Amino acid sequence: MIGLSHYMALSAIVFCIGVYGMLTRRNAVAVLMSVELMFNSVNIALVACARFVTPETVTGQAVAVFTIAVAAAEATVALAIVLLIYQHHRGIDVDRVNFMKW
Amino acid sequence: MDSTALAFYSLAFIIIAAAIFVVTAKNIFHSAVYLIVALFGVAGLFVLLQAFFLAAAQVLIYVGAIAVLMMFAVMLTARIADAGVRHTNEQVGTGLLVSLGLLAVMLYSLWDSPFQFSGAPVAEGAGLTLGRQLLTKFVLPFEIVSVLLLAALIGAVVIAKKDDTGRAEPKAKYPAARALREDPDIVRKVPR
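Protein chains in written order, with the numbering used here: chain A, 1 to 102; chain B, 103 to 294.
The following block holds chain B by itself, in its conformation from the complex (with noise of 0.2 Å):
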């Protein structure tokens, strides 16, 4: 077994068994730990596979941004964390039935499938090329992607917006009448 293969099942082992630990730890901040885990080993598959801008954007996007987005999820969101309450629903006999028939017809189709090889190596300036391609040949969903950026932000912040309408007390129409009713005196109170 050479050092490729051997760096290839360690990382595959971690990745599946934090995976297996995100869907099933009882309490959801270990899942948002192990999902971290998880996120790492798929960053070091992407250094084994010679893609380092990828793994540095995998680092820097999943691990940095949306691992910890999940965790301030969890700390918001408060009561779920607790030890007790249940965390899975009535479906996981059908849960498991389905996702493994989906992984039996996956590995069959793979089992098969004609992949046309190329047994070309990676080409020396691999970030060059891609860099290049996604400013030539992927321009226009590049631009796209920008722009669907810009309005996840806005939704975002549109979204999570603490509304004062429906919750707030009424405004009052008529603060003088309300003030009648509260106080049916105040009327000789009135200086004259």
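With the rest of the complex left out, here is chain A (with noise of 0.2 Å):
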């Protein structure tokens, strides 16, 4: 019987993946790629707490919902910032892109 924690479970490797591509990509949108994974994670898990926990009042898909539109928002305005460093700098290594730090 597949339960909650089977659900709980793999969203956490999902999780985990995303956190593992996110520390080690060099590219700017292979890390954002990872942090879309970090998101369909924690989407996973809103709507598997919706099903087991509360399955009258769907609240966990309210949730995800506006998790959703948050990754949108962020994906739209993190893609204009890469390819603005990318007119600049003629590349997109995050190692490299650290002009705001000193």
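If you are wondering where the hints come from, they were derived from the structure by calculation, not from laboratory data.
You can trust all of the hints, since none of them are fake.
Partial chain A-side listing against chain B, Cβ under 7 Å, derived:
1. Val14
2. Tyr20
3. Thr24
4. Val58
5. Phe66
6. Ala80
7. Leu84
Given the structure is predicted, the values throughout are model-derived calculations rather than measurements.
Just so it is clear, CB atoms sit at the ideal spot from N, CA and C, and this is done for glycine as well.
Make the complex out of the two chains shown on their own, each in a separate frame, by following the hints.
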């Protein structure tokens, strides 16, 4: 029987894969893809809770709608910033984009 | 093993494999394609959880908009898709350690957390309930999210707009002086 813990475990695994990608990729677009993976893992957890904890009032699904909207806004602005950085530096290696550091 | 378990395990396998390929693929374009596979798998999980509206929204927004946006970014930023460009930094060991440690902590806390299950089946009109909740209980966050999306739209346009200041040829302040500097004999050429 597939229960809540199965979905939670899957969510944790996908989240940690996203963390690994975010820490190790050099390409800014790949970092953004890892962030999208993490967003999706959180959505899995939210919808699973909506299914198994509060099936009558689907509160988790409502929160997941907001998560998707925020993820869309984040992707839009972040990709605009990536394109701007590429125009100025001819590259989007996140290890070298540190001109705001000092 | 019943059909639900079979569907869950195959979807979970697809999602995890695609996610691993997303973070390890050498070619960034392959990463984008594997991301689409993972997003479709998550949509399948939503169907399995009887969240049909969210499954449709997942396909429309993530697969239809965000993944295509990612592909646009990959294509517009050339040279990063080349093979031979190193795609990971020096933190592979540390990143692996951190993510595996985080996974261990998460699974351990999941192991004996007392979830309060509700045995009730999913109500008949779950989509109706969702829409009603969005416009009653969650109406304030709903409006705030709409303002956020508008702000992100305007912000993306403003950020990505090509600005002419700085890189373009600076406008000559005194065109006559510049003409004189380029051609000193220009004074004699002026008709009297």
